[in-house]
Amino acid sequence: MSGRSFAQKILSRASGCNAEVGETVVAKVDLAMSHENAALVSTKFKEIGAEKLWDPSKVVLIFDHRIPANTVSAAEGHKTVRRFAEDEGIANFYCHGEGICHQVLPEKGHVLPGSLIVGSDSHTTTYGAFGAFATGIGATEMAAVWATGELWFRVPDTLKVRAENEIPDHCMSKDLILRAIGDLGADGADYRCVEYVGGAVDGMSVSSRMVLSNMAIEMGAKAGVCFPDARTREYLASRDATGGEEVFSDGDLVCDEHIIDCDDLVPLVAAPHSVDNVHPAAELSDLCIDQAVLGSCTNGRLEDLHAAASLLRGRQIPKGVRLIVVPASREVQLDAMEDGTIAALMSSGAIVTNPGCGPCLGAHQGILASGERAIATTNRNFRGRMGSPDAEVFLASPLTVAASALTGRITDPREVMG
Amino acid sequence: MIKGRVWRYGDHVNTDLIIPGRYLDNYDMSSLAAHAMEDIDTGFASAVRPGDVIVAGRNFGCGSSREQAPLVLKELGVAAVVAESFARIFYRNAINVGLPVIVCAESSSLAKGDEAEIDLRAGTIKGSNGLDTSFPPLPEKLLDILEKGGLVEAMRQRFRPCRPNTGPR
Ligand code: SF4
Chain F
1 MSGRSFAQKI LSRASGCNAE VGETVVAKVD LAMSHENAAL VSTKFKEIGA
51 EKLWDPSKVV LIFDHRIPAN TVSAAEGHKT VRRFAEDEGI ANFYCHGEGI
101 CHQVLPEKGH VLPGSLIVGS DSHTTTYGAF GAFATGIGAT EMAAVWATGE
151 LWFRVPDTLK VRAENEIPDH CMSKDLILRA IGDLGADGAD YRCVEYVGGA
201 VDGMSVSSRM VLSNMAIEMG AKAGVCFPDA RTREYLASRD ATGGEEVFSD
251 GDLVCDEHII DCDDLVPLVA APHSVDNVHP AAELSDLCID QAVLGSCTNG
301 RLEDLHAAAS LLRGRQIPKG VRLIVVPASR EVQLDAMEDG TIAALMSSGA
351 IVTNPGCGPC LGAHQGILAS GERAIATTNR NFRGRMGSPD AEVFLASPLT
401 VAASALTGRI TDPREVMG
Chain U
1 MIKGRVWRYG DHVNTDLIIP GRYLDNYDMS SLAAHAMEDI DTGFASAVRP
51 GDVIVAGRNF GCGSSREQAP LVLKELGVAA VVAESFARIF YRNAINVGLP
101 VIVCAESSSL AKGDEAEIDL RAGTIKGSNG LDTSFPPLPE KLLDILEKGG
151 LVEAMRQRFR PCRPNTGPR
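These protein sequences, in sequence, are chains F and U.
Note that the first sequence covers residues 1 to 418 in this note's numbering.
Note that the second sequence covers residues 1 to 169 in this note's numbering.
Among the hints, a few may not be true.
[As the list claims (entries may be wrong)] Once the Cα atoms are required to be at most 25 Å apart in a straight line, the calculated DSS-like pairs of lysine-lysine come out as: (1) F:Lys28 <-> F:Lys46; (2) U:Lys148 <-> F:Lys46; (3) U:Lys148 <-> F:Lys9; (4) F:Lys28 <-> U:Lys141; (5) F:Lys52 <-> U:Lys148; (6) U:Lys148 <-> U:Lys74.
No wet-lab data here; the hints were simulated from the structure.
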């Protein structure tokens, strides 16, 4: 008999049933996040005919995709959501450029271990880094959650990704997740809950774990969890995030396992136009770049800015390259200003924008023209993702992006590391 | 019973291919639907007929959480999508907007233009090419959402204000 998984335990608690893998259960959610698409959700909510939110204290709204508004229609959408938040008494409404949803929610203490979180955004899996079961849903079902606090879930199978040994200095957790996605494929974890375990995960910061959970969706996973430890607890305590209950899979859980030895890890890039098209950066060093992007819910945190600055400080980016730095949150930006990181990046030639999604989704602040090539710390390189369908986006770690910005071509950071 | 012609596609048809992001500032579903699948099949939107069925390979609907992907297919009258596997957010969105989604690897023998006949409750697919296969029917909860035409309708019934009973007691 196999032991019970993290996913089964959380969905059992939230549904009041004994959740068996493959079954569909109706579960109560603990937190529901929406960004600008709250405009669409609120329309559906009204169509349903519900009178009020099931629990306004469990709904978090935030603007991050198009902030400040870049078009009249974006501004109209913001206006609709502002009015809705006011009418419904939603206190947790971050409308003044706090940063990207997936960074701000943990910072503000909304993410608790053991909780069931849904968001109308596919990268909601990020909160798994704190031991929550967190997953993305569509606008209509978010409207149903707003009305009832409940949603149906198919209880997922589990896939363990075991990362052994330590991540080398020239690599980051981004290289580990690119390796996993490259190995497993864009549908390699379809419907499953991925559990990241092993020495490399134990040894990494909470920010680095967020990269793993964030990109679980790029291999089709429903959720991607890193189990809580002393580091997690320290982070949560510093955010006054109290409550929640740590949940772990049983030791005798039987499930598939994929093992990666981090001793063999090299700086990687995902080439266009799919995230599982993964190659060593060193093999693509003849490809020139027009733009380098450091930011997003994947890699826009303080440690990412530090990593980039460690290569760029005191050096100049060539004229032909645009380096765009988008801090993931106001807090990240303030910290990076105080410790001199922003000054170092700007002195090297970087454009630093306000916190938010930036060019990640091709909405504003760094759209690519046809024939242009970018290297970015973001999470998707689908055709047309950052602007023109005839542009190319390569995905890599902050170190590799900074190294590439310095040389003007895709560059293994070891080439420029001191 | 679903009965219609087959449109055949391969693996990893992502949400950008189903409805390109460049059109998403438009919320009018009928004009949006005119662009459905255009980056892989320019003939689809104009030639698809109500009742037709899409048959695809692995990981249909991967990518973003955009609900417009199943919505445009439904708008055009697509009666069901049959695939070897689906990306999960697309799968959920499809059911929630009332578009049947069926996981059935055997249906890959169907080709473009074949006729397919699907019974959702019985879990059977018959094809004009001789295909006669079965799939596990969706759980009752999800069939119920589909039969009501989607989650909004299902919820609306739940939230319908109760009418005063004026009939005889
Ligand atoms: S940073 Fe990019 S991937 Fe993350 S939430 Fe914003 S648009 Fe989505």
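Unsatisfied constraints (hint numbers, rising): 3
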